[in-house]
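Colleague: One-letter residues, chain by chain:
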Amino acid sequence: MEQLSYEWRRARSIRTTWITSLFILASVAAFAYLGTLVTADMEGAEVLMPSSEVVLQSVLGNPIALVLLASLGAMAFGHEYRYGTIRVTLTAFPRRTGVFLAKLTMTLLIVLTVTVVSAALAYGVAVLVQPGAGGGVPWADVAWRIAVYAVTFSLLAFSLTVLTRSHPLGIVGPVLLSILEAALVALLHERAPWLGKAMPLSSMQSWLAGEQPLRSAGVWGAWMVGLLVLGFVLFKRRDA
Amino acid sequence: MIVTASNLHKTFGSTTAVDDLSFQVRPGQVTGFLGPNGSGKSTTLRLMLGLDHGRGMTLWDGKPLRLHRQAPKVVGAHLDARFFHPNRSARAHLRMLAAASRTKRKRVDEVIELMGLESVAGKRPKGFSLGMGQRLGLACAILAEPQVLLLDEPGNGLDPQSIHWLRDYLKHYAAQGRTVFVSSHLLSEMEIMADHLVVIARGRLLADESMSEFVDRSATNHVLVRSPRAAELEAAIAAELPTAEIRPEPPDGLAVTGVSTDQLGYIAFQHGLPVAELTRRTASLEQAFLELTRAGEDFRMGEPPAVPAPPAGPRAGQPPTGQPPAGQPPAGQPPAVQPPTGQPPAVQPPAGQPPTGQEGA
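Protein chains in written order, with the numbering used here: chain L, 5 to 244; chain Y, 645 to 1005.
Check each hint, because a few of them may be wrong.
[Claimed, not checked] With a cut-off of at most 25 Å between alpha-carbon atoms, the simulated DSS-like pairs for lysine-lysine come out as follows: (1) Y:Lys750 x Y:Lys767; (2) Y:Lys717 x Y:Lys750; (3) L:Lys240 x Y:Lys717; (4) Y:Lys707 x Y:Lys717; (5) Y:Lys748 x Y:Lys717; (6) L:Lys240 x Y:Lys748.
[Claimed, not checked] If you anchor each label on the Cβ, the simulated ranges turn out as follows: (7) L:Leu113 x Y:Arg746: 46 to 54 Å; (8) L:Arg241 x Y:Gly706: 47 to 55 Å; (9) L:Ala144 x Y:Asp705: 53 to 61 Å; (10) Y:Arg726 x L:Leu8: 24 to 32 Å; (11) Y:Arg746 x L:Leu192: 52 to 60 Å; (12) L:Thr109 x Y:Ser666: 37 to 45 Å; (13) Y:Asn800 x L:Leu8: 28 to 36 Å; (14) Y:His829 x L:Leu113: 23 to 31 Å; (15) L:Met5 x Y:Thr659: 54 to 62 Å; (16) L:Met5 x Y:Thr926: 35 to 43 Å; (17) Y:Arg699 x L:Asp145: 37 to 45 Å; (18) L:Glu194 x Y:Ser658: 22 to 30 Å; (19) L:Gly65 x Y:Asp705: 52 to 60 Å; (20) Y:Thr655 x L:Gly65: 37 to 45 Å.
Hints were generated in silico from the structure; no laboratory data involved. The beta carbon of each residue, even a glycine, is placed where N, CA and C say it ideally should be.
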């Protein structure tokens, strides 16, 4: 409990956490508003995007939120390594497993809370701007897709920060990874058609799209757990 | 709480930073940790805390630190004056640490006051001077009132008043039966503060003994005897004490090593030789330290250049034109930071224990 309390105080006592969270909310709200502006189809007929679609797109189709979610994920270890406070933390809590788990838990709690609040905000914007646009994706689907998306990018940032001990690399890493992965899959599509199914972000996209959900979720999970375990092992073995 | 470091060993590539180092730090006294630059002091402290991985182990009251339920109550460490998030206020940093040991908020305010940090407690440390950073680091170390204080160069950047305060505080802390282990380059301060010394060079243990034993080992310790008949006295000493080392100190003195003042006085009396002065000259900690570690310096500096004769100009003790007098800041510069306000109580030995402090050893 002390470790979680310490982590909560660590996270909330710096402005960056709050500012990043506010920017996530603002960007999601802005994307939700933009989503409601697409109101005409090819023939000029008015089309209202269902609220659930607006909410989904304002998070999943929002590159700003992606970077900011990665930033929240990178903070847990990034600030500690950047400013040397990891030594203060590990002196107070010499058991590194507990420190790692507390940081992981608190990161996920913060990221999921911010994502849920931002999704609610996006819903509010959608209802306010175009009331009555129902239908679309079931809300349960919206919830788990947004959760998977947020967890993916924050965990990637979290793991990359532990692995590299670099805060900036933790933030840009997931973005670079998504660009690199998209380029690789596109380039090697013919020579290695299986590549798209074996990469973390592609498998996440497949899972969210409902393509071979079990297999995609398995590949995604293996990448997430694998990176976390690698980060944990290095965190345990390295000098602070 | 006794801290036992056993066979600590750490290498960085092909460089051995700490080489099979073993020592004990005992409660009720201030133990100084000395060594030249690059001798492995900071690495040793990190190994003791489990921050660096290497061979050997450190037991805190017979247990590794990770097996203690609340490490902050066992050891409070201050390793660097810059280990803060630059945008987290001093108070928020202390409250965060307080959460690690379930320390009450009242205690946070107490240490802020004790360290004289009230005026900057709400400010972000990115603007702090080195001295303010040291104070905040010390506040963190003592926050949970740990059984052991482990401090790495805590006096760096502190003004003389704050160093004086720190010395009194650490002596008081140790006198309560707690353990204080402090590394420092300020040998004059260490001489006054420490009761026991652990000295290392090139990662190896050179000495683990009381301050007086350490200083007494120095070859600089000798007895000075002055006599108008120094030559006769030298012959008499050589005859009576063949093992004594005698070195003339002009115009009429002899520096004699390996004897006591009593012995020399007796010899002079026996031979009817007049004595103008008979003094025991004890080496300072600095002399003893330099003698012991001379061979173990990894980063030795060249011989200093000869000091040139002072040019004709303002009288000694007066600054050149345009410079403020000594002790006053130049125009436009802020006055020095105030020392910590909390006064440590007078040093008292722990109940039931004899005083172990050794003033001015």
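Colleague: Hint numbers the structure violates, sorted upward?
Modeller: Per hint list: 6, 7, 8, 14, 15, 16, 17, 18 and 20 violated.
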